[in-house]
Amino acid sequence: DAGVTQSPTHLIKTRGQQVTLRCSPKSGHDTVSWYQQALGQGPQFIFQYYEEEERQRGNFPDRFSGHQFPNYSSELNVNALLLGDSALYLCASTTLGEGNNEKLFFGSGTQLSVL
Amino acid sequence: RKEVEQDPGPFNVPEGATVAFNCTYSNSASQSFFWYRQDCRKEPKLLMSVYSSGNEDGRFTAQLNRASQYISLLIRDSKLSDSATYLCVVNRMDSSYKLIFGSGTRLLVRP
Numbered sequence: 007d008a009g010v011t012q013s014p015t016h017l018i019k020t021r022g023q024q025v026t027l028r029c030s031p032k033s034g035h036d037t038v039s040w041y042q043q044a045l046g047q048g049p050q051f052i053f054q055y056y057e058e059e060e061r062q063r064g065n066f067p068d069r070f071s072g073h074q075f076p077n078y079s080s081e082l083n084v085n086a087l088l089l090g091d092s093a094l095y096l097c098a099s100t101t102l103g104e105g106n107n108e109k110l111f112f113g114s115g116t117q118l119s120v121l
Numbered sequence: 038r039k040e041v042e043q044d045p046g047p048f049n050v051p052e053g054a055t056v057a058f059n060c061t062y063s064n065s066a067s068q069s070f071f072w073y074r075q076d077c078r079k080e081p082k083l084l085m086s087v088y089s090s091g092n093e094d095g096r097f098t099a100q101l102n103r104a105s106q107y108i109s110l111l112i113r114d115s116k117l118s119d120s121a122t123y124l125c126v127v128n129r130m131d132s133s134y135k136l137i138f139g140s141g142t143r144l145l146v147r148p
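Listed in order, the protein sequences are those of chains U and P.
If you count the first sequence from 1, position 64 lands on 70 in my numbering, and the numbers rise without skipping.
If you count the second sequence from 1, position 107 lands on 144 in my numbering, and the numbers rise without skipping.
There could be a bad hint or two in this list.
Unchecked claim - Computed cross-link-like contacts, EDC-like style, restricted to lysine to aspartate or glutamate with a CA-CA straight-line distance of at most 20 angstroms: (1) Lys39/P - Glu57/U; (2) Lys109/U - Glu57/U; (3) Lys19/U - Asp91/U; (4) Lys19/U - Asp68/U; (5) Lys79/P - Glu93/P; (6) Lys82/P - Asp119/P; (7) Lys135/P - Glu52/P; (8) Lys116/P - Asp94/P; (9) Lys135/P - Glu59/U; (10) Lys135/P - Glu42/P; (11) Lys116/P - Glu40/P; (12) Lys109/U - Glu93/P; (13) Lys79/P - Asp91/U; (14) Lys109/U - Asp94/P; (15) Lys109/U - Asp36/U; (16) Lys82/P - Glu60/U; (17) Lys116/P - Glu93/P; (18) Lys135/P - Glu60/U; (19) Lys79/P - Asp119/P; (20) Lys135/P - Asp68/U; (21) Lys79/P - Glu59/U; (22) Lys39/P - Asp36/U.
None of these hints come from the bench; they were simulated from the model.
Please build the complete structure, drawing on both the sequences and the hints.
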């Protein structure tokens, strides 16, 4: 049973470029959240997708957008990259069904470096 | 002020020592509380949930004080493998899993 998988593991971009990160949730999970973790900081919530819609959003600009597909996988897109976007991007999945008590599972992340 | 505050450390302790981490949160609407462990360049992993009654898992004990908005983690008989960053985490709504992380406390256990 595969856990949360993310791709790519590492990525190098230059300022102004656009990037797409991908995530496949753990089997049985229907909800995907994205977090940004800068060096020396804790993960910061970007947004959460459920039923192919953005349910919640953290304090991130519109340059950060996402999508969830019918198979529950998700993409995170960042436009007009800034140096400050360099971070570890973590995907986490769970299921929010009624009565469910499933915890959050994290993928191993995508390390994005913006030069 | 950050919503979840932790002492960044590092805490440098010898094997076998007992070490305690503290965390405070500012949003009284917080409902669920966790400690996560994160190894260098790896993803966070759930260490334990934290309940008002306190809970223990082997060498680890977590406590929650809702009145003071304070969470603690105690590690007894430290092992070298306990070296990691410990993240204090709160969730405002039980069903949403919009987790708010502290910046983490780094623990180094030396031989």
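Hint by hint, here is what the structure shows:
no. : hint               : result
1   : Lys39/P - Glu57/U  : 31 angstroms, violated
2   : Lys109/U - Glu57/U : 18 angstroms, holds
3   : Lys19/U - Asp91/U  : 10 angstroms, holds
4   : Lys19/U - Asp68/U  : 19 angstroms, holds
5   : Lys79/P - Glu93/P  : 25 angstroms, violated
6   : Lys82/P - Asp119/P : 13 angstroms, holds
7   : Lys135/P - Glu52/P : 35 angstroms, violated
8   : Lys116/P - Asp94/P : 15 angstroms, holds
9   : Lys135/P - Glu59/U : 15 angstroms, holds
10  : Lys135/P - Glu42/P : 17 angstroms, holds
11  : Lys116/P - Glu40/P : 31 angstroms, violated
12  : Lys109/U - Glu93/P : 18 angstroms, holds
13  : Lys79/P - Asp91/U  : 18 angstroms, holds
14  : Lys109/U - Asp94/P : 17 angstroms, holds
15  : Lys109/U - Asp36/U : 12 angstroms, holds
16  : Lys82/P - Glu60/U  : 24 angstroms, violated
17  : Lys116/P - Glu93/P : 17 angstroms, holds
18  : Lys135/P - Glu60/U : 12 angstroms, holds
19  : Lys79/P - Asp119/P : 14 angstroms, holds
20  : Lys135/P - Asp68/U : 19 angstroms, holds
21  : Lys79/P - Glu59/U  : 28 angstroms, violated
22  : Lys39/P - Asp36/U  : 30 angstroms, violated
In terms of the numbered hints stated before, the structure departs from hints 1, 5, 7, 11, 16, 21, 22, listed from lowest to highest.
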